[in-house]
Structures are given as structure tokens and as C-alpha cells.
Amino acid sequence: QKEVEQDPGPLSVPEGAIVSLNCTYSNSAFQYFMWYRQYSRKGPELLMYTYSSGNKEDGRFTAQVDKSSKYISLFIRDSQPSDSATYLCAMSFKFGNEKLTFGTGTRLTIIP
Amino acid sequence: GAVVSQHPSRVICKSGTSVKIECRSLDFQATTMFWYRQFPKQSLMLMATSNEGSKATYEQGVEKDKFLINHASLTLSTLTVTSAHPEDSSFYICSAAGSYEQYFGPGTRLTVT
Numbered sequence: 009q010k011e012v013e014q015d016p017g018p019l020s021v022p023e024g025a026i027v028s029l030n031c032t033y034s035n036s037a038f039q040y041f042m043w044y045r046q047y048s049r050k051g052p053e054l055l056m057y058t059y060s061s062g063n064k065e066d067g068r069f070t071a072q073v074d075k076s077s078k079y080i081s082l083f084i085r086d087s088q089p090s091d092s093a094t095y096l097c098a099m100s101f102k103f104g105n106e107k108l109t110f111g112t113g114t115r116l117t118i119i120p
Numbered sequence: 571g572a573v574v575s576q577h578p579s580r581v582i583c584k585s586g587t588s589v590k591i592e593c594r595s596l597d598f599q600a601t602t603m604f605w606y607r608q609f610p611k612q613s614l615m616l617m618a619t620s621n622e623g624s625k626a627t628y629e630q631g632v633e634k635d636k637f638l639i640n641h642a643s644l645t646l647s648t649l650t651v652t653s654a655h656p657e658d659s660s661f662y663i664c665s666a667a668g669s670y671e672q673y674f675g676p677g678t679r680l681t682v683t
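Respectively, the protein sequence lines represent chains S and Z. Mapping of the first sequence onto this note's numbering: position 39 corresponds to residue 47, and the numbering continues sequentially without gaps. Mapping of the second sequence onto this note's numbering: position 23 corresponds to residue 593, and the numbering continues sequentially without gaps.
Bear in mind the hints are in silico, worked out from the structure with no lab data behind them. Among these hints, one or two may not hold up.
Claimed, not checked - Listing some non-contacts, in silico: residues in chain S with all C-beta distances to chain Z over 12 Å: (1) ALA25; (2) ILE26; (3) SER36; (4) SER77; (5) ASP86; (6) SER92; (7) SER100; (8) GLY111; (9) PRO120.
Said to hold, decoys possible - Quick list of in silico lysine-lysine cross-link-like pairs, DSS-like style, CA-CA up to 30 Å: (10) LYS625(Z) with LYS590(Z); (11) LYS102(S) with LYS634(Z); (12) LYS611(Z) with LYS64(S); (13) LYS611(Z) with LYS584(Z); (14) LYS584(Z) with LYS10(S); (15) LYS107(S) with LYS625(Z); (16) LYS634(Z) with LYS611(Z); (17) LYS611(Z) with LYS107(S); (18) LYS75(S) with LYS107(S); (19) LYS102(S) with LYS584(Z).
Virtual Cβ for every residue (Gly too), placed ideally from N, Cα, C.
Here chain S stands alone, though its shape is the one from the complex (with noise of 0.2 Å):
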């Protein structure tokens, strides 16, 4: 069983859709989840960070963590084509200096 569990799509939505992308994972001893956004041929990007369980939201992106589920999502509102991009969980023990254990990603188109 790997450690993070993602599906890796692809996912097609219409424009203005919200999107749900989801992982999950074993180790309970991970504290911060993060959200990172790909595009193709191009290093990741960090969208968002959660510490310990609860949301978190920034514009149009909402965070969830649930350690009790060990499941963590992300929420894009209003998707855009813009959002059109390869959607990767990470996670760590502590923030910053840290090796991040990531899922496989999932590949998010949004139809205009």
C-alpha cells in the first residue's frame, strides 16, 4: 500500500464547475498536508498548506484536512481553463526542510 493515495484521473469539468480532488493516506503521523499545482513539463507549485486537521481558504481554493479519516481535499470554485493542470498532495512531519511524500497527482482539465 503506498502512503498517499490519489486518483489520478483525468478529470474533465465544464467551466464554473467546482472541482473536488481528494487523497488519502496511512501514516497518521503526518501534520501538513499541502496542495501542489503542476503544469505540464514545468516544477510544482505550492498552492496551499494545512497544518493538523480543519480548512483553510484562499480565493476560489479551499483546503480540508480530516486526520481521524486520514483524508485530505481540495475545493476549486468557479473553475477556470487557467486551472487546467496536474494536481499533486504532498505531506510531511514538520513544514519547511522537510522531504515531502507525495500522491500520484490528478490530471484536471476544465472545458471552456
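Mind docking chain Z on chain S? Use the hints.
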């Protein structure tokens, strides 16, 4: 956000040769740098962690004599793939960490023919 560069962005080399990839943090000092590889449609797999001035820590299954990592300064780390083989063809990504978050480089596409 902070900028991390990688050079080259794309390289093609012949089997048996060595190739060096540079990772630079352009506007901050990175105490730790990480090297990942990513196969098509797969996740980033950590290869090694390097701290400035000390030997790199390799993940299980990564050959340290094949993937030489040097972290000579707080702004530069290099990955050298020695005696490259076609199965080493991959997308190599570095990240640099200061006090807070990690910043990823744009990646280097290595093709071994």
C-alpha cells in the same frame, strides 16, 4: 515567491556518459535541497536530501554512486548521473528549502539514448 532555477532544462546524452544538473536558489539561502525524479503520469519520488556542506542522505533503493549529489553552497546543489542508461531517462526536479516552505525548480528532462 522565491525562485529556484535548474540547468539545463533539457538534456540528451548517450548511454554510458555522465550528465550534471544544477539547482540554484536565486534569492534566498537554502539550507536543504531535495532531489526528486518523476516518471510520466507518476508522482515525484524523493531521491535524496542534501544539506550544505555535508553528505547527501539517499532514499532506499537510490544508488548513491550513480547519482552523485553535491551541495557546495547555500545556493547551489548539483546532481550528476554517472554512466547513464536509458532507464535513467526521467524528469528530475529539485527543491530548495529555507526557513519555511520548499520551492521547486522547473525540472530537467533527461533523455539517455
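Checked hints:
With a least beta-carbon separation of about 23 Å from chain Z, ALA25(S) lies farther than 12 Å from that chain, consistent with its non-interface assignment. Chain Z leaves ILE26(S) outside its interface by the beta-carbon criterion, the shortest separation being 25 Å against a cut-off of 12 Å. With a minimum CB-CB distance of about 20 Å to chain Z, SER36(S) clears the 12 Å threshold, and the non-interface call stands. Listed as a non-interface residue, SER77(S) keeps its Cβ farther than 12 Å from every Cβ of chain Z; the least gap is roughly 21 Å.
Here ASP86(S) stays apart from chain Z, with its beta-carbon at least about 23 Å from theirs, past the 12 Å limit. At roughly 16 Å from the closest C-beta of chain Z, the C-beta of SER92(S) stays outside 12 Å, upholding its exclusion from the interface. The Cβ of SER100(S) sits about 9 Å from the closest Cβ of chain Z, inside the 12 Å cut-off, so the non-interface label is violated. Not every CB of chain Z lies more than 12 Å from the CB of GLY111(S), the least distance being 6 Å, so the non-interface label is violated.
Listed as a non-interface residue, PRO120(S) keeps its Cβ farther than 12 Å from every Cβ of chain Z; the least gap is roughly 24 Å. Taking the CA atoms of LYS625(Z) and LYS590(Z), the gap is near 17 Å; set against the 30 Å cutoff, the hint holds. Of the supplied pair hints, the one linking LYS102(S) and LYS634(Z) holds, its CA atoms being roughly 25 Å apart against a limit of 30 Å. A C-alpha spacing of about 28 Å is found between LYS611(Z) and LYS64(S), which places the hinted pair at or below 30 Å, so the restraint holds.
Distance check on the hinted pair: LYS611(Z) and LYS584(Z) sit about 25 Å apart at the alpha-carbon level, within 30 Å; holds. For the hint linking LYS584(Z) to LYS10(S), the alpha-carbon distance of about 34 Å lies beyond 30 Å, and the restraint is violated. Proposed proximity of LYS107(S) and LYS625(Z) is supported: the alpha carbons are some 16 Å apart, at most 30 Å. Note on LYS634(Z) and LYS611(Z): the hinted pairing holds, with a Cα-Cα distance of about 25 Å set against a maximum of 30 Å.
At most 30 Å may separate the alpha-carbon atoms for a hinted pair to count; LYS611(Z) and LYS107(S) meet this at roughly 21 Å. Straight-line distance between C-alpha atoms of LYS75(S) and LYS107(S) comes to about 20 Å, which keeps the hinted pair within the 30 Å bound. Taken as a hint, the LYS102(S) and LYS584(Z) pair is broken in the structure, with Cα atoms around 40 Å apart against an allowance of 30 Å.
Of the hints listed earlier, those the structure fails to meet are numbers 7, 8, 14 and 19, in rising order.
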